[in-house]
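**Q** Residues per chain, in single letters:
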Amino acid sequence: MKLDGSIKFQEKLIERLLFLCSLLSVFTTFGIIWVLLSESIGFFQKVSIVEFLTDTEWTPLFTNKHFGILPLLSGTFLTTVIAILVAVPFGLASAVYLSEYASAKARNIIKPLMEILAAIPTVVYGYFALLFVTPLLKMVIPSISGFSALSAGFVMGVMIIPMVSSLSEDAMHAVPSGLKEGAYALGSHKLQVAFRIVFPAALSGITAAVILAISRAIGETMIVAIAAGQQPTLTANPLVPVMTITAYIVQVSLGDTPHGTIEYKTIFVCGLSLFLLTFILNVISYKLRKHFQEVYD
Amino acid sequence: MTRNQWSKFSDRVFQAVGLFTTFFGLAVLAVLLYDVFTDGFSRLNWQFIMSYPSRKPEQAGILAAWGGTIWIMVTTALFAIPIGIGSGIYLEEYARKNRLTNFIEINIANLAGVPSVIYGLLGLAIFARAMKLDRGVITGGMTLGLLVLPVIILSTREALRAVPSSIREASLALGATKWQTVRYQVLPAALANIMTGIILAMSRAIGETAPLIAIGALTYIPFLPTSPVSVSKSAPFVNFTLQGFLDPFTVLPIQIFNWVSRPQKGFLVNAAAGIIVLLLITLFMNAIAIYLRHKNQKRW
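Those sequence lines, one after another, are chains C and Z.
711 is the number of the first residue of the first sequence in this note's numbering; add one for each residue after it.
957 is the number of the first residue of the second sequence in this note's numbering; add one for each residue after it.
In short, the hints are calculated from the structure, not lab data.
Among the clues, some could well be false.
[Stated by the list, open to error] A few chain Z residues that face chain C, going by a derived Cβ cut-off under 10 Å, partial list only:
| id | residue |
| --- | --- |
| 1 | Ser963 |
| 2 | Gly1069 |
| 3 | Pro1106 |
[As the list claims (entries may be wrong)] Computed far set for chain C versus chain Z, every beta-carbon distance over 10 Å:
| id | residue |
| --- | --- |
| 4 | Val791 |
| 5 | Tyr837 |
| 6 | Ser855 |
| 7 | Ile907 |
| 8 | Leu949 |
| 9 | Val950 |
| 10 | Pro951 |
Built from N, CA and C at the ideal position, the CB exists for glycine as well.
Please model the complete structure; the sequences and the hints are all you need to start from.
**A** What follows is the structure, encoded as structure tokens:
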């Protein structure tokens, strides 16, 4: 069969265009890395890497400038740990329930409902954390501040529950039913099958889900910017205001920081730290998911 | 207790625990909605929707915010939908299995996990500074476009994958070219599922705050971007302009954030009322997406 020359040309052109579209995502990645690195290099010409990693104060906007990332890291770490302490137990228990106990009909109703939780804009969660959860916590713990890692972390944890639950349930769903049936045939009951057969068999997928949740919590911005506070303090106390890496980026962006100054460069250094942390976690999670898909496919 | 009774008992206990943890999130959601509605519902009126921000909470409104949100959404959609669908088509229908394709795929998976505030830094350095578009609508729209691109690509691919290969083969066997097959057979068959993905992506973009703050979007804007069409009394009577895309903007979530950060009670009530509007838009879009997905669970 002989195709018309112009049709042939058109076909080639369309394929090229579509290819260019998919290249944009590669450019985006390189763009992110280039932007973060180029501004960070300018920063590290003025501030030594040792000071950046070991100084315990972060005060780039003051006259007496300190550039130690540790307080921001500890703030990020604290809110993330609290969020994970909420999201993982609740998410995993609900995943086991949905995959092993709930009927298919119940699952089809509950899962879309839980997705709504993940669709709520984060600024709304921030409002809720600051004006509902914090006053509520104050009734139980009178010493808690108006801004705290506990309140922001808790709400962030609730927001991440559907993600942990849904990804872990997918992993449990992928466990071959032969394994489960074998265990039932040997006289195990549901709880034993769920926790001694399905859970270990799906472990790499579940770990991937938890790591992705950690990465999500580290990168979350609005909840912590609204409810966790604006004070970079090196502390492990969940009841006082802290500042996360992301909240610092928001704080500087709200002011009018002139382009090219060291204050301007700090947000890119923070961006780079954030990117590296989440990138490493995402890669680990991606590999783990590939792994469990290979095992049972 | 015998072993058997113990098993039954522990099964029951876990069933209760599982039910509790599953509904815990939903219970929090219900409390959240109740809290926001009781805080803000009384403030929700025509004056609030049609007013610009003000220093006095009772005179302030969300006109500039929702107007800006519409501008940003249109720009995001114009940018991200064609590129996202094109990219999805290439990867699913054209790409050969090689290292480049593999690299692109890993890239997209990774981009989906990059924190949104980092896209803001990218938009700030590339669109706002290097391309000198400043903090205009187009900067915000393209930044959010890049942010939702992975979501659109992944859902397009999933939708295309669900179309059985027999349809492609039949079309090719009838002498259609590759593109004709994609354009007239595969895309129409996958369209409903692609739409679902796009609506979900756009509903995510509507709620995004951090990337737009990072590109330097202003929090106090007492005007709307220039309308693309205006009517004048002299010739040519109807004028078209793209100036609006370069005008500064604010969006609903930024306006809400701005009000939440203020100490006065009146602004907090405004924030709650703004949240009700934002939630209605988001939940409405999600409902459409869930409905579409449910309706189109076609078995081939």
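**Q** Hint by hint, say whether it matches the structure.
**A** Status of the hints after comparison with the structure:
1. Taking 10 Å as the C-beta cut-off, the interface hint given for Ser963/Z holds, the closest approach to chain C being about 4 Å.
2. Interface restraint check: Gly1069/Z against chain C, minimum CB-CB distance 4 Å, threshold 10 Å, status holds.
3. Interface hint status for Pro1106/Z: upheld, as the beta-carbon distance to the closest one in chain C is roughly 7 Å, under 10 Å.
4. Once the 10 Å rule is applied to beta carbons, Val791/C is consistent with being away from chain Z; the minimum gap is 17 Å.
5. The beta carbon of Tyr837/C is not kept farther than 10 Å from every beta carbon of chain Z, the shortest such distance being approximately 5 Å.
6. Once the 10 Å rule is applied to beta carbons, Ser855/C is consistent with being away from chain Z; the minimum gap is 15 Å.
7. With a least beta-carbon separation of about 15 Å from chain Z, Ile907/C lies farther than 10 Å from that chain, consistent with its non-interface assignment.
8. With a least CB separation of 21 Å from chain Z, Leu949/C remains clear of the 10 Å interface cut-off, as annotated.
9. Listed as a non-interface residue, Val950/C keeps its Cβ farther than 10 Å from every Cβ of chain Z; the least gap is roughly 19 Å.
10. Every CB of chain Z is more than 10 Å from the CB of Pro951/C (nearest about 14 Å), matching its label as outside the interface.
In this structure, the one hint that does not hold is number 5.
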